[in-house]
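Q: Sequence:
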Amino acid sequence: MTFYDDLETRSADARAASLAECLPALLVHALTLPGNAALTDFDLTNITSAESLARLPVLRKSELGAAQKLRPPFGGFSGPDFEYAFQSPGPLYEPGRTSHDWWRFGRFLHATGIGVGDIVQNCFSYHLTPAGTMFENGARAVGAAVLPAGTGQTELQAQAAHDVGVTGYAGTPDYLKVILEKADEMGLTLAISKAAVGGGALFPSLRQWYLDRGIACRQCYATADLGNVAYESTAMEGLILDEGVLVEIVTPGTGNPVPFGEVGEVLVTTLNPDYPLIRFATGDLSAFMEGSSPCGRSNLRIKGWMGRADQTTKIKGMFIRPEQVAVFVAKHPEVTRARVIASRAAESDVMVVKIEGDVGRADVYAASIAETLKLRAQIEVVAIGTLPKDGVIIEDQRTYD
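Quick note, this note's numbering runs 1021 ahead of the 1-based positions in the sequence shown.
No lab work stands behind these hints, which were simulated from the structure alone. One should not assume that every hint holds.
25 Å max Cα-Cα, derived BS3-like pairs, lysine-lysine [stated by the list, open to error]: (1) Lys1375 - Lys1082; (2) Lys1335 - Lys1410; (3) Lys1352 - Lys1198; (4) Lys1337 - Lys1375; (5) Lys1335 - Lys1352; (6) Lys1352 - Lys1375; (7) Lys1352 - Lys1324.
A quick note: this is a predicted structure, and the numbers were derived from the prediction, not measured.
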């Protein structure tokens, strides 16, 4: 087995030492960009690890969007040099560079087995959104050629894959199946044996369908803002963190790390001086995994996408947000966790708040909840450790059939 570079097999001590050197330098550089003014009041030279990074504020997409309206196009979070400007829903705008492996997809493609001699049919969109360019940049980093197919026109895609001799696929998990079935209809034999997918769920049944056709399919976790964050290897045991990011798992609605292994919101800091996003909240849920990958790559792993952290729910006409629940918990040091449950009874909304705390303070909690969430609730005080550690802060049990 070959690795993309020596960074993948570093010891924990070597990785920590490298981070202790590069993280403070990155943060000091980030402070020169006007979008990071919120970092001004912190001693950035002493932030050398994920644990110390937790002192800094969280950057959310809503804040990024607001900043971009004030300082177009990138909100003051990017340097002046860029070759691309992309648009994502919102709209949000992201910069891009043509430099080597700028979005860090080469490491993922290499782990998928794609490299020199491969021709990759890139079925991610090249129109406004960055995904197509991201994967093309990664393919260039590993020496593979690219058929820039984009989306749609499946018959032409199948024909091109046959005529050009495509050996690899990049795109959403399900579209490759559409191309293969169209090729079958047309009587074409395709040479695709490797697939690097993202942007959707790779279900086990679909992965097996590809495997039955001799295609090894691997997935990554990436966003338009951050580039590649984590990726699968041949071991297929969780997603290995990319070497160019620092990931934290926090309680949704806060910047407070959860205990290792518990589900929480994914925060990512990109170690990219061109576009250094600091503690960027993805809105996705995941959890760290114990140990390291059997493939030999030594970085931390996450379990993959486990739902959305933005659990904002309207109850009795009022929006209840995870941030509000976090404020309530912070008011009461003895409370370890709280969970809002929305249900229906007699055609009316019902809100129950389960609290790990002091049963003798139920009345205090009820008043505090009413003040913080602006709604009265039924309070259930439960024993410490009773509530599930699944990252859910607001559970909506109502059905709308």
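Q: Now tell me if each hint is right for this structure.
A: Now the hints, each set against the structure:
1. Lys1375 - Lys1082: violated (29 Å)
2. Lys1335 - Lys1410: Holds, at about 23 Å.
3. Lys1352 - Lys1198: Violated: Lys1352 and Lys1198 sit about 52 Å apart, past 25 Å.
4. Lys1337 - Lys1375: holds (18 Å)
5. Lys1335 - Lys1352: holds (23 Å)
6. Lys1352 - Lys1375: Satisfied, since the Cα-Cα distance of roughly 16 Å is no more than 25 Å.
7. Lys1352 - Lys1324: violated (32 Å)
Hints 1, 3, 7 from the earlier list are contradicted by this structure; the remaining hints agree with it.
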